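Protein chains in written order, with the working numbering: chain C, 1 to 81; chain S, 1 to 81; chain X, 1 to 148; chain U, 1 to 148.
Calculated directly from the structure, the hints in this document are not laboratory data.
Do not take every clue at face value.
One-sided excerpt, in silico: chain U residues whose CB lies under 7 Å from chain C [as the list claims (entries may be wrong)]: (1) Gly43; (2) Gly83; (3) Leu115; (4) Ala119; (5) Trp122; (6) Val135.
Computed, partial: chain U to chain C, Cβ under 7 Å [what the hints assert, rightly or not]: (7) Asn45; (8) Tyr52; (9) Gly54; (10) Met55; (11) Met112; (12) Lys116; (13) Pro120; (14) Phe121; (15) Lys123; (16) Gly133; (17) Trp134; (18) Glu140.
From a predicted model like this one, the values you see are computed outputs, not experimental measurements.
Heads up, the beta-carbon is just placed ideally off N, CA and C, and yes, glycines get one too.
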Amino acid sequence: MDVLYFAWVRERIGLPKEKVTTDAATVAELVAELRAREERYDLAFSDPAALRVAVDQELTDFDASIRNAREVAFFPPMTGG
Amino acid sequence: MDVLYFAWVRERIGLPKEKVTTDAATVAELVAELRAREERYDLAFSDPAALRVAVDQELTDFDASIRNAREVAFFPPMTGG
Amino acid sequence: MRIIVQDAPFDFGQEAETFANGRHDMGAIVTFTGVVRDFRGGGLNAMEIEHYPGMTQKALEKIAEEARCRWSLGDVLVIHRYGQMTPGEKIMMVATAAPHRKDAFEAAEYLMDYLKSRAPFWKKEHSTGGEAGWVAAKDEDEDALTRW
Amino acid sequence: MRIIVQDAPFDFGQEAETFANGRHDMGAIVTFTGVVRDFRGGGLNAMEIEHYPGMTQKALEKIAEEARCRWSLGDVLVIHRYGQMTPGEKIMMVATAAPHRKDAFEAAEYLMDYLKSRAPFWKKEHSTGGEAGWVAAKDEDEDALTRW
Chain C
1 MDVLYFAWVR ERIGLPKEKV TTDAATVAEL VAELRAREER YDLAFSDPAA
51 LRVAVDQELT DFDASIRNAR EVAFFPPMTG G
Chain S
1 MDVLYFAWVR ERIGLPKEKV TTDAATVAEL VAELRAREER YDLAFSDPAA
51 LRVAVDQELT DFDASIRNAR EVAFFPPMTG G
Chain X
1 MRIIVQDAPF DFGQEAETFA NGRHDMGAIV TFTGVVRDFR GGGLNAMEIE
51 HYPGMTQKAL EKIAEEARCR WSLGDVLVIH RYGQMTPGEK IMMVATAAPH
101 RKDAFEAAEY LMDYLKSRAP FWKKEHSTGG EAGWVAAKDE DEDALTRW
Chain U
1 MRIIVQDAPF DFGQEAETFA NGRHDMGAIV TFTGVVRDFR GGGLNAMEIE
51 HYPGMTQKAL EKIAEEARCR WSLGDVLVIH RYGQMTPGEK IMMVATAAPH
101 RKDAFEAAEY LMDYLKSRAP FWKKEHSTGG EAGWVAAKDE DEDALTRW
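Only chain C is shown next, with the shape it has when bound in the complex (with noise of 0.2 Å):
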């Protein structure tokens, strides 16, 4: 699937999107796994209250069911207006 990363969480990771092969079933096993690669991930997604998150481009939580997912997307609060 793709993982895209926004705003602040896409400077700290260094990437904006990256192909990723995952058995993760939910949207919080994904965040584990890349926590547990590298420290830039791990300190991204250090504060999981500060993020939000989107599979297959709708809004979510991170309880969410990612079988099958397209594309999850993590970034912070929006600011848009």
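Place chains S, X and U on chain C using the hints.
Then chains S, X and U, alone, in the frame of chain C:
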């Protein structure tokens, strides 16, 4: 003093403005004087709750003094906007 | 602050653009525009607005000043027409500029609520059938003032 | 209904005018415009807005559709820019048309509240001194959603 009429008050009385010489101390006393004049005045002022008054171009109520007033205006509730 | 009372039409887009431009300290601009609405299914030939010339400008200025006291505003614009208008024509507009959107929205709503029931304008509708009638004030418009 | 996401500037006056015109059944038009605000006393060089291209349009459409379900609206317009902007430039606008002013105002405020915290935009401020920082979401913006 000048007495002005607007909207349907003007139409019922049949004129927009007239000079009135009066000893009335309040708006209510002026209204009583006008009603005693002719039926068209009596009709126009028959429901005081349906009327609003301005003394010298400031909204006020029927108890207001008109001593030294230059201009008293009667009209229905406003419908601007 | 600009308060304009006129019989001529006004250019809404141009007024909105001018009002919104060149203010680097105001993050939020709200406009409200009132349009002559046709009766359901047609039948309104014209809307006539009578006003009290000596009092109108002062009454609008007082309402706008009160809004500036209550909210943090950078600017206020009020334009209100009188005379004859046809369906689709713009009757009036207000605009507010504020650092924050809450102030801009609340002040614009306040201006509209007071302008509806405290500014000396009266509307008369002329139907295509030739009948004419004064628009009655609505209880809900008077009630709207109680929230401020 | 028009939902536009673009990096180019938009012509606020023209958009407002076009939106407000030719509707004989809508008595009330409300617009909100967000402007890049300079820091108090100057110091903001540029505002950069990042967005999530695949999701933005859909998220805005969903918010606008929800507003149309909740209020009696004739039309809705949302324009939101992304990319680099300087102080005084317009970031976005919403416009609502309704038979009555209460619906037009409430729907515009609803659109703004949701657009602030539920549409995938992120603001970064670049100071004249060369520093840059992401704008933090405000608790009050999240709290604003609870009123709907």
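Q. Are leucine 115 (chain U) and chain C close enough, Cβ to Cβ, to be under 7 Å, as the hint says?
A. With Cβ-Cβ at 5 Å, under 7 Å, it holds.
Q) Going by Cβ atoms only, is phenylalanine 121 (chain U) closer than 7 Å to chain C? A) 3 Å, holds
(Q) For the restraint on lysine 123 (chain U), tell me whether the closest CB of chain C is nearer than 7 Å. (A) Holds, because the Cβ-Cβ distance from lysine 123 (chain U) to chain C comes to roughly 5 Å (cut-off 7 Å).
Q) Under the criterion of a CB-CB separation shorter than 7 Å, is valine 135 (chain U) in contact with chain C as hinted? A) 5 Å, holds
Q. Is the interface hint for glycine 43 (chain U) satisfied, with its Cβ closer than 7 Å to some Cβ of chain C?
A. 19 Å, violated
Q) Can we keep the lysine 116 (chain U) interface hint, with Cβ of chain C closer than 7 Å? A) Because about 4 Å separates lysine 116 (chain U) from the closest Cβ in chain C, which is inside the 7 Å limit, the hint holds.
Q) When the nearest CB of chain C is found for asparagine 45 (chain U), is that gap smaller than 7 Å? A) Violated, because the Cβ-Cβ distance from asparagine 45 (chain U) to chain C comes to roughly 18 Å (cut-off 7 Å).
Q) If you take the shortest Cβ to Cβ gap from tyrosine 52 (chain U) to chain C, is it below 7 Å? A) 6 Å, holds
Q.
Min Cβ distance, glycine 54 (chain U) to chain C: is it shorter than 7 Å?
A. 5 Å, holds
Q) Would the stated hint for alanine 119 (chain U) survive a check requiring a Cβ distance to chain C of less than 7 Å? A) With Cβ-Cβ at 4 Å, under 7 Å, it holds.
Q. Does proline 120 (chain U) meet its interface restraint, that is, does its C-beta lie within less than 7 Å of any C-beta in chain C?
A. At about 6 Å, which falls below the 7 Å cut-off, the nearest Cβ of chain C leaves the hint on proline 120 (chain U) intact, so it holds.
(Q) Take the shortest C-beta to C-beta distance between glutamate 140 (chain U) and chain C; is it under 7 Å? (A) 12 Å, violated
Hints 1, 2, 7, 16, 18 from the list above are not met by this structure, while the remaining hints are.
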